[in-house]
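Produce the entire structure from the sequences given, and follow the hints as far as they go.
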Amino acid sequence: MKTDRAISINLATTRQVWGFAEAVDGCLKAGITAISPWRDQIAAIGLDEAARIVRDNKIQVTGVCRGGMFPAETAAGRQAQIDDNLHAIDEAAALNADCLVLVVGGLPGSSKDLVGARQMVTDGIAAMLPHAKASGVKLAIEPLHPMYAADRACINTIDQALDVCEVLGETVGVAIDVYHVWWDPQLANAIARAGRMNRIFAHHICDWLVPTKDMLLDRGMMGDGVIDLPGIRKMVEDAGFFGPQEVEIFSQDNWWKRPGDEVLGVIKERVASVC
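All residue numbers for the sequence shown refer to the working numbering, where the first residue is 7 and numbers rise by one.
Incorrect hints may have been included.
To be verified - The calculated BS3-like cross-link candidates involving lysine-lysine, where the alpha carbons are at most 30 Å apart (straight line), are:
{"no.": "1", "residue 1": "K274", "residue 2": "K263"}
{"no.": "2", "residue 1": "K274", "residue 2": "K35"}
{"no.": "3", "residue 1": "K240", "residue 2": "K274"}
{"no.": "4", "residue 1": "K64", "residue 2": "K263"}
{"no.": "5", "residue 1": "K219", "residue 2": "K274"}
{"no.": "6", "residue 1": "K35", "residue 2": "K263"}
As the list claims (entries may be wrong) - Restraint-style ranges between C-beta atoms, simulated for each label pair:
{"no.": "7", "residue 1": "D54", "residue 2": "E172", "range": "35 to 41 Å"}
{"no.": "8", "residue 1": "D157", "residue 2": "D89", "range": "18 to 24 Å"}
{"no.": "9", "residue 1": "L34", "residue 2": "L120", "range": "39 to 45 Å"}
{"no.": "10", "residue 1": "A194", "residue 2": "V272", "range": "26 to 32 Å"}
{"no.": "11", "residue 1": "A140", "residue 2": "P217", "range": "43 to 49 Å"}
{"no.": "12", "residue 1": "R58", "residue 2": "M221", "range": "36 to 42 Å"}
{"no.": "13", "residue 1": "D31", "residue 2": "D259", "range": "22 to 28 Å"}
Just so you know, the hints here were simulated from the structure itself, not pulled from any lab data. Positions of the beta carbon are idealized from the N, C-alpha and C atoms, including for glycine.
Right, here's the structure in full:
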């Protein structure tokens, strides 16, 4: 029987109609008490004010989006990315976030060295670890669909992410976003492995539309596409993760054009009926 799991709203889902404060108000009105904001949304209102809103309303922050983007053509460029990630850790700590989500970055410049890019990712996260541990912030690598390997994320499967976790230790885990991993023939085994390692830090949901008109900005509402959401949810729960399902929908031609209250209403209905 399906267990009752809370909903978190990744604030990308309503970013075109609500800022940070408006999104929190809308979520509370809908009975949703967990969010995952993006760093530009935090910056727009100011970290102190964002932290006050979270604290005063007893909001759970399931993640801060995003750190990462480690590969760069020069040592100075790589260090600049690490420095920015240290600031991201501070922001996640101030919001008492469950994790800082890492979209790790792709090939730097005109490079074709995918193995080298992945090593830059491991080295970059390693450089963050002392500050993350001191701040009590978990780091969640989010594997992205292989279509993003060149420009956004050279880590594309849960197993690849877990290999990095094994090198770096327990502070580093994974954010499982169904949009990016649903296709993986090793998905069940990979999620079970993540569970054995106690490394599932977040579970993001949406749907894959057929046809998809834009690979970045045309994610579907749950139930409108082909992802086996209940099946993946069972894998995640069997692996021991029962945190909120975080709804993250980029939808420039559909859901981003709708009122936030309407979007949240549909999300609640779909999570109850198809997830």
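Within a Cα-Cα threshold of 30 Å, do K35 and K263 meet the stated pairing?
This hinted pair holds, its Cα atoms lying about 20 Å apart.
Okay, R58 versus M221 on CB: inside 36 to 42 Å?
37 Å, holds
Lying within 39 to 45 Å: is that true of the beta-carbon distance L34 to L120?
44 Å Cβ-Cβ, so the 39 to 45 Å window holds.
Does K274 pair with K263 here, judged by a C-alpha cut-off of 30 Å?
Holds - the C-alpha atoms of K263 and K274 are around 18 Å apart, at most 30 Å.
Measuring from beta carbon to beta carbon, are A140 and P217 in 43 to 49 Å?
With a Cβ separation near 47 Å, A140 and P217 satisfy 43 to 49 Å, so the hint holds.
Given a hint of 35 to 41 Å, does the C-beta separation of D54 and E172 actually sit inside it?
37 Å, holds
Within 30 Å, alpha carbon to alpha carbon, are K219 and K274?
Roughly 25 Å between the alpha carbons, so the hint for K219 and K274 holds.
Is the straight-line distance between the alpha-carbon of K240 and that of K274 30 Å or less?
Measuring from Cα to Cα gives roughly 19 Å; hence the hint holds.
Cβ separation of D157 and D89, checked against the hinted range 18 to 24 Å:
22 Å, holds
In this structure, is the beta-carbon distance linking D31 and D259 contained in 22 to 28 Å?
26 Å, holds
Between the beta carbons of A194 and V272, is the distance compatible with 26 to 32 Å?
29 Å, holds
If you draw a straight line from the CA of K274 to the CA of K35, is it 30 Å or shorter?
12 Å, holds
Violated hints for the displayed structure: none, as all numbered hints are satisfied.
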